Amino acid sequence: MKQLMKGNEAIGEGAVRAGCRCFFGYPITPQSELPHYLARRLPEAGGVFLQAESELAAINMVYGAAAAGGRVMTSSSGPGISLMQEGISYLAGAELPAVIVNVGRGGPGLGNIAPAQSDYFQAVRGGGHGDYHVPVLAPASVPEIITLMQDAFDLADQYRNPVMVLADGVLGQIMEPVDLGECTFAEAPPKPWATTGNEGRSRNIVNSLYIVPQELETHCLKLSAKYESIAEDHTRWESYETRDADLVVVAYGTSARIAKAAVNAARRRGIRAGLIRPVSLWPFPAGALQGAARHASAFLVVEMSLGQMVEDVRMALSGVRPVHFYGRTGGMLPEAGEILRHLTLLHEGVVSHAGKLWPAASADQ
Amino acid sequence: MPGNFGRPQALTSNPFHYCPGCSHGIVHRLVAEVIDELGIGGRTVGVASVGCSVFSYNYFNVDMVQASHGRAPAVATGLKRSPAAPVVFTYQGDGDLAAIGTGETIHAAARGENITVIFINNANFGMTGGQMAPTTLPGQVTTTTPEGRNTAESGYPLRVCEMLSTVEGVAFLTRVTVHKPAMVLKARAAVKKAFQVQLAGGGFSLVEVLATCPTNWGQTPVDALRWLEENMIPAYPLGEFRSWEAS
Amino acid sequence: MVRITFNRQLCKGCGLCAEFCPRGIITRGEEFNAQGFLSFSAVPGGRCTGCGACALMCPEVAIEIIHPEETRGLAV
Chain Z
292 MKQLMKGNEA IGEGAVRAGC RCFFGYPITP QSELPHYLAR RLPEAGGVFL QAESELAAIN
352 MVYGAAAAGG RVMTSSSGPG ISLMQEGISY LAGAELPAVI VNVGRGGPGL GNIAPAQSDY
412 FQAVRGGGHG DYHVPVLAPA SVPEIITLMQ DAFDLADQYR NPVMVLADGV LGQIMEPVDL
472 GECTFAEAPP KPWATTGNEG RSRNIVNSLY IVPQELETHC LKLSAKYESI AEDHTRWESY
532 ETRDADLVVV AYGTSARIAK AAVNAARRRG IRAGLIRPVS LWPFPAGALQ GAARHASAFL
592 VVEMSLGQMV EDVRMALSGV RPVHFYGRTG GMLPEAGEIL RHLTLLHEGV VSHAGKLWPA
652 ASADQ
Chain B
20 MPGNFGRPQA LTSNPFHYCP GCSHGIVHRL VAEVIDELGI GGRTVGVASV GCSVFSYNYF
80 NVDMVQASHG RAPAVATGLK RSPAAPVVFT YQGDGDLAAI GTGETIHAAA RGENITVIFI
140 NNANFGMTGG QMAPTTLPGQ VTTTTPEGRN TAESGYPLRV CEMLSTVEGV AFLTRVTVHK
200 PAMVLKARAA VKKAFQVQLA GGGFSLVEVL ATCPTNWGQT PVDALRWLEE NMIPAYPLGE
260 FRSWEAS
Chain H
3 MVRITFNRQL CKGCGLCAEF CPRGIITRGE EFNAQGFLSF SAVPGGRCTG CGACALMCPE
63 VAIEIIHPEE TRGLAV
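Those protein sequences? They're chains Z, B and H, same order as listed. Straight run, no breaks: the first sequence in the working numbering ends on number 656. Straight run, no breaks: the second sequence in the working numbering ends on number 266. Straight run, no breaks: the third sequence in the working numbering ends on number 78.
Note that these hints are calculated values from the structure, not bench results. Keep in mind the model is a prediction, meaning the values are calculated, not measured. Misleading hints may appear alongside valid ones.
Stated by the list, open to error - Below, computed lysine to aspartate or glutamate pairings styled on EDC-like, alpha-carbon distance capped at 20 Å:
hint : chain 1 : residue 1 : chain 2 : residue 2
1    : B       : Lys199    : H       : Glu71
2    : B       : Lys205    : B       : Glu248
3    : B       : Lys211    : B       : Glu56
4    : B       : Lys199    : H       : Glu33
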């Protein structure tokens, strides 16, 4: 039975159904409907909702509840996620599972509350200190939010690592029909390592301090083995009309929705365009791009930023094909018409070098 | 009362890394003795902060969580609010609790979080080499106040117990010392009461322990006790700032 | 007779035990322990009442006191 649901609320419902029983967060637009929803929904589901005094406190409450073995999450937007970076690094170092949701907004600084994807580097390059990674899942629709929340908690528990779900203000605020089906709650796997009181077992320690360098190196190598296996088994993307694509657009989240419209319009003009939509931003689907490069002559990256994922695309292709970029930032949305115009220029071979097509790029640039 | 003396069960066999004469070792023993006496070791989780006592997860023989600097009360909140809901205590120094962690301290208190905070006040950042802390006394020489703390530049000491006594969520709040045997017994009673408050679901409890730091004070362990008596106690009056009786 | 033992290896020579022993029977030893400290111990001779002042003040939990039967030792 389909119902109309707001993205932010879908994040909450998806989390509760994934077995999340603790939320610690702090007010920030554009994700506020999520804590509003969970303030009612979590207690209903026998869980705990607590508004913290800051994002610093919130991520450390997540750390404590995760240490006790629960499925735990927090959510925020860019500025709050920046404050959480130390905590996220600690979660990775102490091998604690947790889900962190970033409903992205215009930055840097206070920026604004309009949607943006300019937190990409912070998300995929690990915004905190030390050798660690955070798997990042990027939904592009409200129904996909529900499934990715389940995947995020499963991934976090399977690898004992924080996982980020990266959305943006559009996805948070839009409403779309969702088929929730009857309500079932997933169960977290058993966690014998959790610190719950060592009655009947030897004591557990949750810690990220390794004062002896050799021990820390060994620990980091153990973490990186986890990351390799995540990359091997959990790299995800969607390919749309790429089989015979001559021009491939690469975009995620809201940008991908807009790009899909442009790809369809280009197809109607006889331009063989396709779209690769990374669903896992880390691990990045480099293989998918390399595969498409066998028949595509050029790539066009579209982002709601001044170009961050474009660097991953260039790394993935390492010069094999020209990679172009079109982006809007500060809360502006890329326009389907502009993407179509660029595809048309590329199709007509006017832009051969790997240049950046700025928003108001004139035809002769 | 202490007829026999031995190593509490709630302490591991690991020798302490603390400097000779440091009060941390005494307070560690008191917390462990209380955990043994109340029989709660099996359901207690300790939260180690960042500072000299960061290694306390090697010393308390209970489940331990090492928190980032200043955030122990928030980590403790997450632990306490989890379904496991263990007995939770944090063990923090003055840099951790009264500098970077002031926000977490005040808000855990304001929430009446049912946790026990053991707060060691030795008037400096010990682990990192004796820098000024919010509890450093006016005129006190530290590695970052080489001419003595100048209140015109770096302000005045924070009196945490007095500050938190204005917060309703606090159930039990006291300041003690361990610089004499009789005071150690009083401190032990205070730690025991703090844990009893938590066991009774009474809310936020905090025990501030004035402590010596011979190495960074540049004094012998015995002289440091005298310095504490003559300087720290007048600046940080002892006693209960919020009393609690089992209802 | 009260049995009091000082763990020579744990002792860091801080001297707090000696400072507070009401009988003044605790002194610093002559040889260094493995950590490089001159450790303290009670002079043999049975004048220890087992009051526990030293154990209360020891930062290393290095002093063990066993009373022959559960008598109340502390008279501080």
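Now for the hints, and whether the structure bears them out:
no. : hint                : result
1   : B:Lys199 x H:Glu71  : 26 Å, violated
2   : B:Lys205 x B:Glu248 : 16 Å, holds
3   : B:Lys211 x B:Glu56  : 9 Å, holds
4   : B:Lys199 x H:Glu33  : 28 Å, violated
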